[in-house]
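Single-letter residue listing:
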Amino acid sequence: MLEVRDLRRSFDGFMAVAGVSLTVPQGSISAIIGPNGAGKTTLFNLITGHLKPDSGQVMFKGREVTGIPPHDLCRLGMGRSFQRTNIFPKLTVFQNVQAAFLCHRGRGWNLFAPVERLYLEETEALLDSVGLLAKAGEVSGFLSHGNQKQLELGIALALEPEILLLDEPTAGMSGAETRETIQLIERLARERSLTLLFTEHDMEVVFSIAQRITVLHQGRVIADGEPAEVRRHPDVRRVYLGEKHDR
Amino acid sequence: MPDPSFIFAQSLSGLTAAMYLFLIASGLSLIFGVLRVLNFAHGSFYMLGAYGAYQLVQWLGTGHGRFWWATLGAALGVAILGGLVERLLFRYLYGKEELYQLLFTYALVLILSDVAKIFWGTQQKSVSRPPGLTGSFSLFGTTVPYYNLFILLLSPAIALGFWFVLRRTRAGRFIRAAALDRETLGALGVNVDRLYLGVFMLGSFLGGLGGALVTPVKSIVPGMDTEMIVEAFIVVVIGGLGSFWGTFLGALIYGQVLSFGILFVPRFSIFSVFALMAAVLIIRPWGLLGKPLK
Amino acid sequence: MLRRVPWPLLVFAAALFVPALGSRFYTFVANDIVIWALFATSLNLLVGYTGLVSFGHAAYFGIGAYTTGILMKKAGLAFLLAFPAAGLVTATFALVFGFFCVRLTRIYFAMLTLAFAQIVWAICFKWNEVTGGEQGMPEIPYPDFDWVERVSGILPFLGGYRTSEYFYFVTVVLVAACFWILRRIVGSPFGRMLTTIRENPERAEFIGVNVRRYELAAFVLAGTFAGLAGGLFGIFNRGVFPDFAYWTKSAEVLIMTLLGGMGTFFGPGVGAVALILLNQQIVSYTEYWPLILGTILVVLLFAFPGGIAGTAQGFARWIGRRLGRA
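Protein chains in written order, with our numbering: chain A, 29 to 275; chain B, 86 to 379; chain C, 728 to 1053.
Isolated chain A (complex conformation):
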């Protein structure tokens, strides 16, 4: 589904991503972990076209998509959520998701149809499945952090992605919120047979749902495989879990 080959990117001489390769098979749930500054978000931004890599390739559905702009990638079926919540704050919850439908279904250039009549059912159904239907009319900027994360997920799903990249989907959430969100993501992925690739700092979450884990350290992959394998990997124990003890 998604393949990354030897991707590199540096900022002012600092190698943020130093030759990363990884493969995400269709229908899998994969996680990228690593300490802060390991290059997770940069890697995401390289995959989703926000940044252009210095070298390397990104293949999506067997086709090279390296460096093509996000809006085109999006059309090909790649959805993403952001680490810092990224919604349209002055629009209502409903309008947020509806906007995604409008654009994705190619209505964006319609200058004359009244927007109030389009994709009402689809939007409501989707809001229902992410658990936000009751808040449809609220201005999204005033939602709680957890709800905003849900909304972001809703926006991403409206684009009917085949693969969903989630950058720290539970960042800043309480324990209970985290569990709920993870259950939600898992359920949605199952229902829609989505491929998932996410980064996460909460190890419990990662080991509970990921089928494959890639460990990043200083811009390089130091381990890659099934959770049990990765957990046993000596480098991971030293670099990653070791760092956890230090804290």
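Honestly, the hints are just simulated from the structure, not real lab data.
It cannot be assumed that every hint is accurate.
[Unchecked claim] Pairs of lysine-lysine residues, derived as DSS-like cross-links and limited to a Cα-Cα distance of at most 25 Å, are as follows: (1) A:LYS80 <-> B:LYS376; (2) A:LYS118 <-> B:LYS181; (3) C:LYS976 <-> B:LYS181; (4) A:LYS118 <-> A:LYS163.
We have chain A already, so just place chains B and C on it with the hints.
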């Protein structure tokens, strides 16, 4: 081919204009660099500097050294006004939408232009050249007034002094740090409030100083504010918003393009400077010597 | 209840009624307002809906004015052709300028729009043969209204007005049509896409919005309607002058938009009404209109950043809450 002495004369007049512009635009650029605000009212500060100098010369008379006191007084007065504006009003707009900041500075343009009209009317005013600099000399067949020569020397001197302050003093370090990365400022233990106030006052001072110094060569009229702010914008955009040497370079280029534009395509000389500004923005939006904003 | 009232229709009808009051002055002021309302609303498409702060919107107003002016005065073209031509020519300019502008963000965008506007101004100011240069182009003819006299044989209520009043009717109808179109655009999926760009361009890009292309489309549309407003204004003003495109005009229309309320559709129109009426009142007392305007602007920025429409909405909501609680 026009004769060489004419070209020299044009070039020199362009250079003189550039030096004035540099003085004024460096204040604009400084404020932008640190506060990230394009100050439309900078042209008004320039105008007030000119009227201020005129008024002080009226009061002090034209005796020896009086012009210089008037110039300094006018520039300081403008700096104080700038400080008041920053302290009482402008600071409440930091962090708000850019449009509000722009429109606030434009509101100042409107208010100050009428204030100047109320005090000084619409008749044009002028100030005579200070004693000691009234004469002129001949260079390659061109008459150069001493006062112009003085400006040609003073401006780079101020530039160098300024550069020295930016490079070698604590305040200068903070200003540069602020221009590069505002977030680290708090971490450096800088009193950001005071820094902003200081920078706004210094920027206004430079605008006022430029206005005061221009009085012996240009008549003081309403409308000089909006004319100047556009020129200053061109200069800082060409050189790079917030860049000190960029402003210097921008002023030089502007002066030359304008004076040679008048020489070769007189009707489109204004056009050519705006076209230059647009071209720079298209090719290198952060200007010739500026750095891209994050 | 108040929501049921078809306000736009009522305003339209009231506007048509103005000449019947019999005051030349009222019609003049109303005509001024109607044209500026269109100008400000066109700018709002950029500033209020797309979040692009243009400091050179007057360029398109000026281009529109010069286009109709030149076509009607020098080429003797009929208004029926010269008016759409204003829109077409302006759209072309906006497309070219906009192509470069939308590549930049924020302050650089504002500066480039300003630079282009000043280029337009400089050309109008200096190109004597075509634009009349500094002196501008006085005596733009009114459209031909002889046909009205002929028609009024059958429809007597049409006849009996002055030429300037006929032109006023034409303006009101055309501007109302433009408003209708703009309203549709703002309420369309396209309009919603513009709003997402204003709210969060990064996210917009990732729901599949080609941000630059939408911005360019908004730029061209805003420019076109500004051009149409300019085309009407040149005739109304009986002359076209370079300062139509000068940067202070761009600032003026921005103030109007802000005063009325950005992001609300009718806000800028309200701003035009308020500002022009105020101007008419104040200039009869004092010559220091800019001083007053500047002060209003400062008060607005600090106390009522939502403008008249935004403040009214907030007030209505407050009342609603109070009533709901009681």
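Hint-by-hint comparison with the structure:
{"no.": "1", "hint": "A:LYS80 <-> B:LYS376", "result": "holds (20 Å)"}
{"no.": "2", "hint": "A:LYS118 <-> B:LYS181", "result": "holds (16 Å)"}
{"no.": "3", "hint": "C:LYS976 <-> B:LYS181", "result": "holds (24 Å)"}
{"no.": "4", "hint": "A:LYS118 <-> A:LYS163", "result": "holds (14 Å)"}
Checked against the numbered hints above, the structure violates none of them.
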